[in-house]
Amino acid sequence: MMNRRHFLQSSAAAASVLAAPALVRARNLNSKLQLVAVGCDGKGYSDVAEMASHEQARYVGFCDVDLARTEKVKKLAPEVPIFQDWRVMYAELGDKFDGVTVSTPDHMHAIITLPALQMGKHVHCQKPLTHNVTEARLVRLQTEKSGVITRMGNQIHSHSYYRTAVAGVQSGAIGKVKQVHSWVAVPGHGRSFHISRPTNPVPPPDSVNWEQWVGVAPMRPYGGPDVYHPWGWRDWQAFGNGALGYFGCHVLDPVFSALDINAGPTQFKADHIGMNDEVWPAQNTVDYIFPGTRFTLGDTFPLTWNDGGRLPSTKGSHLPPNEALPPNGSLLIGEAGSVVIPHVGEPRWYFAEGAPRPKIETLPSLNHYHGWIDGCLSGKQPTDGFDYGARLTEAVLLGNIAVRYRLQTLHWDDANLRITNLDEANQYLTRDYRSGWELPALT
Numbered sequence: 000m001m002n003r004r005h006f007l008q009s010s011a012a013a014a015s016v017l018a019a020p021a022l023v024r025a026r027n028l029n030s031k032l033q034l035v036a037v038g039c040d041g042k043g044y045s046d047v048a049e050m051a052s053h054e055q056a057r058y059v060g061f062c063d064v065d066l067a068r069t070e071k072v073k074k075l076a077p078e079v080p081i082f083q084d085w086r087v088m089y090a091e092l093g094d095k096f097d098g099v100t101v102s103t104p105d106h107m108h109a110i111i112t113l114p115a116l117q118m119g120k121h122v123h124c125q126k127p128l129t130h131n132v133t134e135a136r137l138v139r140l141q142t143e144k145s146g147v148i149t150r151m152g153n154q155i156h157s158h159s160y161y162r163t164a165v166a167g168v169q170s171g172a173i174g175k176v177k178q179v180h181s182w183v184a185v186p187g188h189g190r191s192f193h194i195s196r197p198t199n200p201v202p203p204p205d206s207v208n209w210e211q212w213v214g215v216a217p218m219r220p221y222g223g224p225d226v227y228h229p230w231g232w233r234d235w236q237a238f239g240n241g242a243l244g245y246f247g248c249h250v251l252d253p254v255f256s257a258l259d260i261n262a263g264p265t266q267f268k269a270d271h272i273g274m275n276d277e278v279w280p281a282q283n284t285v286d287y288i289f290p291g292t293r294f295t296l297g298d299t300f301p302l303t304w305n306d307g308g309r310l311p312s313t314k315g316s317h318l319p320p321n322e323a324l325p326p327n328g329s330l331l332i333g334e335a336g337s338v339v340i341p342h343v344g345e346p347r348w349y350f351a352e353g354a355p356r357p358k359i360e361t362l363p364s365l366n367h368y369h370g371w372i373d374g375c376l377s378g379k380q381p382t383d384g385f386d387y388g389a390r391l392t393e394a395v396l397l398g399n400i401a402v403r404y405r406l407q408t409l410h411w412d413d414a415n416l417r418i419t420n421l422d423e424a425n426q427y428l429t430r431d432y433r434s435g436w437e438l439p440a441l442t
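In numbering that gives the first Met the number 0, the protein residues as written are 0 to 442.
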């Protein structure tokens with residue numbers, strides 16, 4: 000197991016998977032932002048298509064470990080070269096690109112993002128930002144050193160619904176917030192319909208480089224279509240982070256933004272219906288305690304996460320009895336009112352009977368992708384950069400450590416990146432990296 004101190008303090012102990020050239024910045028050829036993409040289908044394709052719709056953006060390289068999943072981007076930009084190894088793409092294109100969009104399974108986010116940051120490239124990376132807590136901290140620290148423009152791919156952050164909810168809470172519409180509930184209907188596993196590894200695996204298609212797909216994780220056989228690739232990987236602890244990792248950075252985003260949460264939880268505890276060492280539980284409840292902020296009541300406040308169809312109680316809120324909750328969303332309970340923020344839905348405000356209704360301004364939607372490109376071109380960091388995205392990701396991933404120690408309260412030392420009351424739990428802050436796939440040290 001690699002030591003956290005090795006990640007956070009050593010600048011020379013580990014060699015990078017790519018010897019990053021010492022670039023100040025890539026060139027904006029033709030006055031456009033030159034981009035490369037790692038991950039070209041599914042969410043990768045939608046990321047590429049959105050970025051490419053900006054008149055000052057131009058893709059100059061595409062990469063996917065499955066060449067069969069590059070057909071859409073070939074049609075979008077037939078002249079752009081296709082790579083199967085992002086390391087080769089980085090090395091060959093060198094100073095010919097300015098930024099990268101990373102849209103891969105969770106376990107590969109950090110190892111693709113870090114060398115790009117060290118090359119002085121701007122990075123847009125899908126959520127959750129990383130697969131483990133130490134990776135998130137390392138990405139945040141490297142971003143600070145590199146001084147580039149970053150953004151996490153939770154695009155609802157820029158939607159009118161979330162922006163309006165955040166502004167309304169911060170305006171004091173419901174007073175100081177006392178308690179938060181967040182939830183999603185999706186289960187922790189169920190998309191792959193497997194709870195253990197296939198016993199009679201089949202070889203991967205010729206289009207897939209399985210060595211590249213597994214990457215940092217321990218090697219295992221391909222397993223068959225949709226067991227891991229391209230859709231089942233979120234269920235598996237080695238590659239994804241279940242429902243909490245999948246939706247946590249979406250659903251908790253307006254909560255973190257509205258309450259200006261800029262520190263990790265002080266403690267957290269999970270309950271679930273059972274799990275094994277391969278996939279995440281089908282249903283989770285995670286109870287966090289966070290330090291108070293200027294928008295909350297008291298020195299600390301509770302935040303409870305539910306997934307797999309579990310819904311919170313509305314007791315103590317301003318909601319009418321039997322008021323239906325959306326299948327995915329958050330409930331913020333304040334002194335003067337409450338707000339339900341559906342996932343991609345208009346916020347619903349509730350106040351005591353006869354209480355004055357504050358005016359809440361509706362904010363317009365912004366283009367999350369274009370906002371990153373505009374930031375890269377202007378040098379102005381948009382909201383939801385890696386400083387914010389890494390902190391949100393850390394909190395989400397800490398919840399998944401609690402899942403491994405059912406009903407045990409874990410205490411967190413945020414500054415020193417350590418669980419203080421159960422040393423064995425600290426092993427899950429990082430992972431064993433396969434030989435040849437070690438993370439680069441900070442530069």
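These are computed hints drawn from the structure, not numbers from a lab. Being a predicted model, the structure only gives us computed values, none of them experimental. It cannot be assumed that every hint is accurate.
What the hints assert, rightly or not - Result set (DSS-like, lysine-lysine): computed pairs, CA atoms no more than 25 Å apart in a straight line:
no. : residue 1 : residue 2
1   : K379      : K177
2   : K144      : K74
3   : K358      : K379
4   : K95       : K71
5   : K358      : K177
6   : K379      : K31
Stated by the list, open to error - Label-pair distances were calculated between CB atoms; the ranges are:
no. : residue 1 : residue 2 : range
7   : G223      : N420      : 37 to 43 Å
8   : E360      : D422      : 45 to 51 Å
9   : G435      : E345      : 23 to 29 Å
10  : N420      : P224      : 39 to 45 Å
11  : E360      : T198      : 53 to 59 Å
12  : T361      : P319      : 44 to 50 Å
13  : N420      : Q83       : 24 to 30 Å
14  : P77       : N415      : 50 to 56 Å
Note that the Cβ used here is the ideal one computed from N, Cα and C, for glycine as well.
Comparing the hints with the structure gives:
Distance check on the hinted pair: K379 and K177 sit about 34 Å apart at the alpha-carbon level, beyond 25 Å; violated. Annotation: proposed proximity of K144 to K74 is violated, straight-line Cα distance about 37 Å (limit 25 Å). Of the pairs offered as hints, the one joining K358 and K379 is violated, with about 31 Å between alpha carbons and a cut-off of 25 Å exceeded. For the proposed pair K95 and K71, the alpha carbon gap of about 23 Å is at most 25 Å, so the pair holds.
A distance of roughly 21 Å separates the Cα atoms of K358 and K177; the hinted pair therefore holds under the 25 Å criterion. With a C-alpha separation of about 16 Å, the suggested pair K379 and K31 falls inside the 25 Å cut-off, and the hint holds. As the Cβ distance of G223 to N420 is approximately 41 Å, the hint placing it in 37 to 43 Å holds. Against the hinted window of 45 to 51 Å, the Cβ-Cβ separation of E360 and D422 comes to about 49 Å, which satisfies the hint.
Distance hint check: the CB atoms of G435 and E345 are about 49 Å apart, inconsistent with the given range 23 to 29 Å. Between N420 and P224 the C-beta distance comes to about 43 Å, which sits within the given range of 39 to 45 Å. The hinted window of 53 to 59 Å between E360 and T198 holds, with their beta carbons roughly 58 Å apart. Taken as a hint, the range 44 to 50 Å is violated for the pair T361 and P319, whose Cβ atoms sit roughly 23 Å apart.
Taken as a hint, the range 24 to 30 Å is violated for the pair N420 and Q83, whose Cβ atoms sit roughly 45 Å apart. Between P77 and N415 the Cβ separation comes to about 51 Å, which falls inside the hinted range of 50 to 56 Å.
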